[in-house]
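J.: Let's have the full structure, built from the sequences with the hints guiding it.
Chains A and B, in that order, give the protein sequences.
For reference, each letter of the first sequence is one residue, going 518 to 941 in this note's numbering.
For reference, each letter of the second sequence is one residue, going 9 to 280 in this note's numbering.
Hints are computed from structural coordinates only; laboratory data are not their basis.
Honestly, I wouldn't trust all of these hints.
Claimed, not checked - Among the chain A residues that face chain B by a calculated CB cut under 7 Å, a handful are: (1) Arg-772; (2) Ile-773; (3) Ala-781; (4) Met-795.
Heads up, the beta-carbon is just placed ideally off N, CA and C, and yes, glycines get one too.
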Amino acid sequence: MATTTAAPGTAAGAAKTASTNRKWTIGLLIAVVVIFLLYWQILPNAPAEMQTFFRRWLSVSAVNEAVLWVVFALGLNIVVGYAGLLDLGYVAFWAIGGYVAGWIMSPFASEMHSSMNGLRVSILGHPPAIEGLDVGIHVNFWLVLPVAGLFCALWGIIIGAPTLRLKSDYLALVTLGFGEIIPQIFRNGERIGPGGSINLSNGDKGISPVDTIPTWPFGYLPGVPDQLGLAATDLPFKFLVFSLLAGFTLFVSIRIREGRLGRAWLAIREDELAASMMGVPLMRTKLAAYAVGAFAGGLGGVAFATHVGGVFASRFDFAISITLLAMVVLGGMGNVWGVTVGALALAWINSTGLEQLGQQVNSSFGTDIDFPSYQFLLFGLILILMMLFRREGLLPETRTRQVLQEPERGELESVGADLEGDRA
Amino acid sequence: MTATVPDTAVGEALRADRITIKFGGLVAVDDVSFVIPDGAIVSLIGPNGAGKTTFFNVLTGLYAATSGRVYLGGEEVSGLAPHTIAHKGLARTFQNIRLFNLMTAEENVMVAMHSHMTSGIVATVLKTRSQRREEEQAREQARELLDFVGIGKTAEEYARNLSYGDQRRLEVARALALRPRVLLLDEPTAGMNPQESARFVDFVHRVRDERKVSVLLIEHDMSVVMRVSERITVLDRGEKIAEGGPDEIRNDQRVVEAYLGKTGTEGYGSDS
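T.: This is the structure:
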């Protein structure tokens, strides 16, 4: 009766996992290429009807945003799915990453303090060539990514150090608190410090414009823009950049999971006490999960700032943390491919699906229902249905599927089924 | 390993010095001292509620002792975090099995090697040569340990799917992966039938001889205790009431009283 499915983390299991990963990687790569070609070459030359259809149902900017949600969802998956720590405040890292972009790749730095007035710093950067906007700090997008990642990881550790001593419900509540505090600091960070002289975040007005994404050395190739701003023609290339980030996060997630740290996370998820008794340092290992997860949040935060061309505090609300959590749970906690699919699906429903569906329904039945306003009703419904019928998510980890679908051997034996035979 | 404790002539794997643990007003363990010589198999017995498990938990760092010290190989470990103590060579199994159920037998064992491995996040992401070598070695050691406890064939099974006896063996393999100096077994024969228990006695000897560890057992099954132990310590109501070889303990008046009640007139009748 022993399960024949090879388990991950063993020789046979590793081979199986590797082949699954290869299939998914190839599939997603093909999808990326197809989508890129579609928006870059095919659509602009397609019939007007087709163009309208895609603009309504699958706009390139909606696709770009969905890919960024994948980055965040994968980051949260490390904390929630891998290490089993419920984090309800992941939006904090998204915000911090965004503000790093706001600080060091926009004109805003010159307004942060009176002494920084007229400051002009550029590190391989791309300040807008507009009089008055070429001040501030302008660091190259590709350099900002690791800086923001590490900065967020640092904040992950700072936030994690006091909170990770708590367990389950308490941890969730405190992370929820931090998820509210950090965006509030940014919302109200217009005049802080002695005499209100420091402008940390420009308050509700937000920070814009954020610099473009340089494509050097590919900018020399024909057809590739030198920089990717908010122009419509830049969006397919942004899609490539964001896909690269998502791919990087996927790769790191998979690799770490296979190693020593990933095993320790899993052990903590399974039985914290036993893990510590087997020499796994709980605090350090959990902090590592927080830091790696936050790193992904930083990457995504910077990319999102370039996606919308600015950083706006009011966007970083609690709903984002919950949506991300829903993506992880819906997709299949712990399985990066499931989380990717979950993130893409929910992001699309959020940005496009509901609205378009609503318009369809309204126009066919002559009703006037504001579908997007029912977004959370729908999410709630999806989650309840999932918990009832498919608790393990769309594409669960092999292990999780086991626990939710197959009875434990002990349970079977306790009802008298003799599976044992005579094992000496 | 510098001997900072006096009287370490024979070599002490573990020494607990005047351990007292109070929970509020309740004294769970009262001034108990205890030594495990190098390479010895010793048992801790006592009626239910005698403080055995509490004492165990102090040794492993789960509880802080109200007073008293614990030395592991001459080095003081009292007050250290459980994972540090585990790393320094004190491994344990659990009374009610606590495996990582959704991990394979092999992964369970490899988790315990965590503190002896060094690869960091970057090396893991890049899969550097040294990281791969380390993983490979850990895997081989895990296989070897699983073979040693006799469940090599189950390496790729999830721990939750193993039979009860195999789960107990896996716990021992996992504990041995810490490369311990002292192995603590908490009621290892609970739920075993007499034949299995008898085999277990041989198994403990084999573990001690081939893995060069000292073994401390908490055990209820007296036939196992008497056959396996070289020394026995008896706790009753938090106090050490006797210590000695199996024969001494068998004939110790206080031990008999602790288990059967005084003079046999109170409680459930006189002979058993």
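J.: It remains to establish, for every hint, whether it holds in the given structure.
T.: Evaluated hints:
| no. | hint | in the structure |
| --- | --- | --- |
| 1 | Arg-772 | 5 Å, holds |
| 2 | Ile-773 | 6 Å, holds |
| 3 | Ala-781 | 5 Å, holds |
| 4 | Met-795 | 4 Å, holds |
Checked against the numbered hints above, the structure breaks none of them.
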